[in-house]
Amino acid sequence: MPGWATGEDKVQEFERVALVHLDSLYRSALRLTQNRAEAEDLVQDACLRALRSFHRFDPGTNCRAWLLTILRNAFLNLKRRGSHEVFWESTTSESADQSMTDMGVAIGHPEEEFFQTVLHGDVDRALKALPLAFREAVMLADLEGLSYKEISQVLGCPIGTVMSRLSRGRGLLRGTLSRLAREHGYLKESE
Amino acid sequence: MNCAEFEARLHPYVDGELDVGEMLAANTHLAQCATCQSRVERERQFRQLLARQPRESAPPEFRALIRARIRQSARLAALRRWLIAPAAVAAAAVLLIFLVPGSGRAPLVTDLVNKHITYAQIEQPAEFASPDPHAVEAWLRQRAGLRVTVSDYSMSGIRLVGARIAESNERKAAYVLYEKGHTLMSVFTVPASGRIADLEGKRVSYGGHEYMTLERKGYRTVSWTDGPTVFGLVSMLDYDALLECADKLRADRAAQLGA
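Note that the protein sequences, when read in sequence, are chains S and U. The letter at position 74 of the first sequence is residue 73 when you use numbering that gives the first Met the number 0, and the numbering goes up by one with no holes. The letter at position 74 of the second sequence is residue 73 when you use numbering that gives the first Met the number 0, and the numbering goes up by one with no holes.
Certain hints may be false.
Claimed, not checked - In silico contact screen, one side only, chain S against chain U (beta carbon under 10 Å); selected entries:
1. Arg-26
2. Glu-37
3. Val-42
4. Gln-43
5. Arg-63
6. Leu-131
7. Ala-140
8. Glu-143
9. Gly-144
10. Leu-154
11. Gly-155
12. Cys-156
13. Glu-182
Said to hold, decoys possible - Covered by chain S, per the in silico footprint, the following chain U stretches (three or more residues, Cβ under 8 Å):
14. 66-75
15. 137-151
16. 240-254
Unchecked claim - Lysine-lysine pairs mimicking DSS-like chemistry, simulated, CA-CA at most 30 Å apart:
17. Lys-216(U) x Lys-148(S)
18. Lys-179(U) x Lys-247(U)
19. Lys-247(U) x Lys-216(U)
20. Lys-148(S) x Lys-114(U)
21. Lys-114(U) x Lys-216(U)
22. Lys-201(U) x Lys-114(U)
Think of the hints as simulated: they come from the structure by calculation, not from any bench. Where is the CB? At the ideal position from N, CA and C, for every residue including glycine.
Here chain S stands alone, though its shape is the one from the complex:
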């Protein structure tokens, strides 16, 4: 049977263009779900969805951003189906803004030499503590290196919203890291 009859060409193209981003999908899924088994199911689901709609992918655009969009949609579907807590509305509402000011006590502190001494595990813990809306913006920008435009496509929101979530998310993250550094004794209580 010729290659295209078994879908071999499509598979090879898909592996070359899309599957090279598997690590990125895997990492992002771990950060979204915070659970390895769930992350693996999610990546598998996203890859099969991507394969099915691969003909809609525009080869001139960033494939990683396209895949991350599919991953995120699959994640939201999963959460809706599983009747998990409604995290979405609560994390983007004013209450999240309020909690940010409560948590982000260290925002704007001038002493941040602790950046040099922060433990890798601390960044992980601090990221996990971020509300999802902020976590995914920071993750896409600072860990996956996407541009604002690409992030706005993945999150399906305007660039202005991307900017405000990034700014708040990073502020929260610094606040948490600073608190952890204080707990480890890298920073003195008075600083």
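Guided by the hints, dock chain U onto chain S, whose structure is given.
Chain U in isolation, oriented as in the chain S frame:
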């Protein structure tokens, strides 16, 4: 621009997301404001902290599982297409679309010259500054997932300044900056499939390889393609120097990919 206005743009400034006009206004303000300079410095340190985080990879057995599932799913889909003839026609149309290259974009090399000019006006053109080619390569890999070869031209008196992430044809591209005295040289690595014939300029041969040369806005460019990647050098340096750099980069890359 005053401090409040700058602070509102701090994140897009550090992310390299301001347009040229705002970037210039921001730099003018920064030049005279130590407070905002230290804000930028803190923000950069914070980004570097995040960029230094170890990246988790998908385990090999999981990768194998995904590949098997993809093949299984594609075989089933192909079988369905055979059973439903009109769908097979649609599938052929899809393949054709893949073969038609993107059209209507700004010519790539001209775009790179514009970027070279824009970045040269920024106070710190390199987001990540380092004279160490390996450190710059590692940063590009971590920050944008780009596997870029950074050559060492110090023997020719061309000093590595650093790198930043650029965007070309809506894809992330690597911008590596060098300087010889006060003359800058940009080396762009753009993930874009294309043939050398699609690049602009005059075809020349150097060291047994084909390159395109083009002069735009007083800058000389040397560009070439290698597999799914386009390379472009932009500088006021002469063509001999640029071709020599291009030749070395090609050799270094071949050695790196072969290693």
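To see whether the hints hold, each was checked on the structure:
no.	hint	result
1	Arg-26	5 Å, holds
2	Glu-37	13 Å, violated
3	Val-42	7 Å, holds
4	Gln-43	6 Å, holds
5	Arg-63	7 Å, holds
6	Leu-131	18 Å, violated
7	Ala-140	7 Å, holds
8	Glu-143	8 Å, holds
9	Gly-144	4 Å, holds
10	Leu-154	15 Å, violated
11	Gly-155	18 Å, violated
12	Cys-156	16 Å, violated
13	Glu-182	17 Å, violated
14	66-75	holds (count 7)
15	137-151	holds (count 3)
16	240-254	violated (count 0)
17	Lys-216(U) x Lys-148(S)	29 Å, holds
18	Lys-179(U) x Lys-247(U)	16 Å, holds
19	Lys-247(U) x Lys-216(U)	26 Å, holds
20	Lys-148(S) x Lys-114(U)	18 Å, holds
21	Lys-114(U) x Lys-216(U)	12 Å, holds
22	Lys-201(U) x Lys-114(U)	21 Å, holds
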